[in-house]
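We have chain Y already, so just place chain B on it with the hints.
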Amino acid sequence: MIEIRNLAKAYGSTTVLKGCSTTVAKGEVVVVCGPSGSGKSTLIKCVNGLEPFQGGSITVDGISVGDPKTDLPRLRARVGMVFQHFELFPHMSVRKNLALAQMRVLGRSAEEADARGLKLLDRVGLAAHADKHPAQLSGGQQQRVAIARALAMDPVCMLFDEPTSALDPEMIGEVLDVMIELAREGMTMMVVTHEMGFARQVAQRILFMDQGEIVEDAPAGDFFAAPKSQRAQLFLSRILHH
Amino acid sequence: MDGAGHLPSLAPPSPSNNRVVSFSANRGKATEMGEFDFTVWGPSLPFIRDGLLFTLRLTLIAMTGGIVLGTLLALARLSPFKPLSLVAGAYVDTMRSIPLVMVILWFFLVIPFLTGTPVGAETSAIITFTAFEAAFYCEIMRSGIQSVPRGQVWAAQALGLTQAQTMIHVVLPQALRNMLPVLLTQTIVLFQDTSLVYAIGAKDLLKAADVVGKNYNRPVEMIVLSALIYFAICFSLSLAVRQLQKRVAIVR
Numbered sequence: 006m007i008e009i010r011n012l013a014k015a016y017g018s019t020t021v022l023k024g025c026s027t028t029v030a031k032g033e034v035v036v037v038c039g040p041s042g043s044g045k046s047t048l049i050k051c052v053n054g055l056e057p058f059q060g061g062s063i064t065v066d067g068i069s070v071g072d073p074k075t076d077l078p079r080l081r082a083r084v085g086m087v088f089q090h091f092e093l094f095p096h097m098s099v100r101k102n103l104a105l106a107q108m109r110v111l112g113r114s115a116e117e118a119d120a121r122g123l124k125l126l127d128r129v130g131l132a133a134h135a136d137k138h139p140a141q142l143s144g145g146q147q148q149r150v151a152i153a154r155a156l157a158m159d160p161v162c163m164l165f166d167e168p169t170s171a172l173d174p175e176m177i178g179e180v181l182d183v184m185i186e187l188a189r190e191g192m193t194m195m196v197v198t199h200e201m202g203f204a205r206q207v208a209q210r211i212l213f214m215d216q217g218e219i220v221e222d223a224p225a226g227d228f229f230a231a232p233k234s235q236r237a238q239l240f241l242s243r244i245l246h247h
Numbered sequence: 048m049d050g051a052g053h054l055p056s057l058a059p060p061s062p063s064n065n066r067v068v069s070f071s072a073n074r075g076k077a078t079e080m081g082e083f084d085f086t087v088w089g090p091s092l093p094f095i096r097d098g099l100l101f102t103l104r105l106t107l108i109a110m111t112g113g114i115v116l117g118t119l120l121a122l123a124r125l126s127p128f129k130p131l132s133l134v135a136g137a138y139v140d141t142m143r144s145i146p147l148v149m150v151i152l153w154f155f156l157v158i159p160f161l162t163g164t165p166v167g168a169e170t171s172a173i174i175t176f177t178a179f180e181a182a183f184y185c186e187i188m189r190s191g192i193q194s195v196p197r198g199q200v201w202a203a204q205a206l207g208l209t210q211a212q213t214m215i216h217v218v219l220p221q222a223l224r225n226m227l228p229v230l231l232t233q234t235i236v237l238f239q240d241t242s243l244v245y246a247i248g249a250k251d252l253l254k255a256a257d258v259v260g261k262n263y264n265r266p267v268e269m270i271v272l273s274a275l276i277y278f279a280i281c282f283s284l285s286l287a288v289r290q291l292q293k294r295v296a297i298v299r
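In the order they appear, the protein sequences are chains Y and B.
For the first sequence, the numbering used here gives the first residue as 6, with consecutive numbering after it.
For the second sequence, the numbering used here gives the first residue as 48, with consecutive numbering after it.
The shape of chain Y in the complex, shown without the other chains (with noise of 0.2 Å):
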């Protein structure tokens, strides 16, 4: 589903991502990891093209990310993308926010977005609050709608990147039960997380990342039990014990 191969970035002569390679089979849920600064919100965002990048290839659905002649808007279409700061457009009620792309993008009518829109909100919990401006929801709420937002554009994979690290503690909980759900109906996703409860329940694989490399690409159980590399086994032990 999606494919890196020796991803190259830098901003100026600042290197941000070298050599990274990895693939997420359809289906799959991959959790990357690592410290801050260590690339993994970059290498996420070029996976649909969001940050332009210098060396190396991207495929997502077979369709190549960094040719020129790929139409991104109809790729990213297909790409769900949940962001930390949850970026629900602020000027829009909840149900305008579900819609606008549906319309816009791909073509559905105002009753068929509507529709679909409701829809997803009632599998969030949140069907009640449809008409309400983002600014009246919780933080843990916004999230979940735009998870909803997201999934409204029947995506053939997601992208998280850090969806709980804006959260409060208390709301932590209602977010990643939304994304479990979705794991376990089979999405392919793809996410950034500190979150290593989530990680062991659901991830088959974990992508750790340390100065702009995959230092571990390992599955699941093999990085929690037993991490190679001696950078993993710091964070982890700091992550972990406290």
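These aren't lab readings, by the way, just hints derived from the structure by calculation.
It is possible that part of the hints are untrue.
To be verified - Here are the simulated SDA-like pairs of lysine to any residue, each with C-alpha atoms no more than 25 Å apart in a straight line:
1) Y:K101 with B:S242
2) Y:K101 with B:G198
3) Y:K137 with B:Q290
4) Y:K31 with Y:T64
5) B:K129 with Y:G17
6) B:K293 with Y:Q141
7) Y:K124 with Y:P139
8) B:K293 with B:F278
9) Y:K124 with Y:V161
10) Y:K137 with B:L291
11) B:K261 with B:R96
12) Y:K23 with Y:D159
13) Y:K233 with Y:H96
14) Y:K31 with Y:E190
15) B:K129 with Y:K233
16) B:K261 with B:S242
17) B:K129 with Y:P57
18) Y:K74 with B:V200
19) Y:K137 with B:K129
20) B:K129 with Y:V161
21) Y:K74 with B:M214
22) Y:K74 with B:K129
23) Y:K124 with Y:K74
24) B:K293 with B:Q199
25) Y:K137 with B:K261
26) Y:K101 with B:R197
27) Y:K137 with Y:S170
Below, chain B alone, put in the same frame as chain Y:
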């Protein structure tokens, strides 16, 4: 709009005219120079109204045109295509470096000279103000666009919206909303600046007051009247903007 043309037919206020309310002390007597006679305000009203209507029309057209043109200029300034952003930047800097009254005069005098066809003072004023104000609205819209967080653009693009759709549906509505108080403040300044069309004889509020004042030999009274009207409108608009600012602050 042709207020001055009708003026000769208007008789000066007659002392026997009881319907005219006079604020002067020596009511009913012929006033001497050096004393104020506000009775002139009554008969001046039709002309003042026409002048005010033109001032308001000029303000509204220049505001709408200026915001539309200014937004396009702002998009050009922010464009990654260098020549476009340079041209837009040069236009804005030029307009902002010239006194408005000179732009008004030049346009009014130079365009007929170049094209051979005279442009009426009113048309000339509308074009000049739109073009000039666009430079100021451009800078407001530019900071408005830049005030929209990068994540909003990412989110829109991640949903498959094109760059143009992202601008139209996500960035510009938020930029406009964030900048509404500043845009309106600029419009109040614009409203006051329209009095500069006086320089080319367009019949705005100030010109109407001036013409009536000359015809009745009551220039000071008429200037006072026009000042009061400018003040009343600008002051109430300022209060409205302040209210709006509070509302916008809450929404964010």
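Each hint tested on the structure:
no.: 1; hint: Y:K101 with B:S242; result: 44 Å, violated
no.: 2; hint: Y:K101 with B:G198; result: 18 Å, holds
no.: 3; hint: Y:K137 with B:Q290; result: 24 Å, holds
no.: 4; hint: Y:K31 with Y:T64; result: 13 Å, holds
no.: 5; hint: B:K129 with Y:G17; result: 19 Å, holds
no.: 6; hint: B:K293 with Y:Q141; result: 18 Å, holds
no.: 7; hint: Y:K124 with Y:P139; result: 18 Å, holds
no.: 8; hint: B:K293 with B:F278; result: 23 Å, holds
no.: 9; hint: Y:K124 with Y:V161; result: 18 Å, holds
no.: 10; hint: Y:K137 with B:L291; result: 21 Å, holds
no.: 11; hint: B:K261 with B:R96; result: 17 Å, holds
no.: 12; hint: Y:K23 with Y:D159; result: 32 Å, violated
no.: 13; hint: Y:K233 with Y:H96; result: 48 Å, violated
no.: 14; hint: Y:K31 with Y:E190; result: 12 Å, holds
no.: 15; hint: B:K129 with Y:K233; result: 49 Å, violated
no.: 16; hint: B:K261 with B:S242; result: 17 Å, holds
no.: 17; hint: B:K129 with Y:P57; result: 19 Å, holds
no.: 18; hint: Y:K74 with B:V200; result: 22 Å, holds
no.: 19; hint: Y:K137 with B:K129; result: 41 Å, violated
no.: 20; hint: B:K129 with Y:V161; result: 37 Å, violated
no.: 21; hint: Y:K74 with B:M214; result: 22 Å, holds
no.: 22; hint: Y:K74 with B:K129; result: 23 Å, holds
no.: 23; hint: Y:K124 with Y:K74; result: 35 Å, violated
no.: 24; hint: B:K293 with B:Q199; result: 24 Å, holds
no.: 25; hint: Y:K137 with B:K261; result: 60 Å, violated
no.: 26; hint: Y:K101 with B:R197; result: 20 Å, holds
no.: 27; hint: Y:K137 with Y:S170; result: 24 Å, holds
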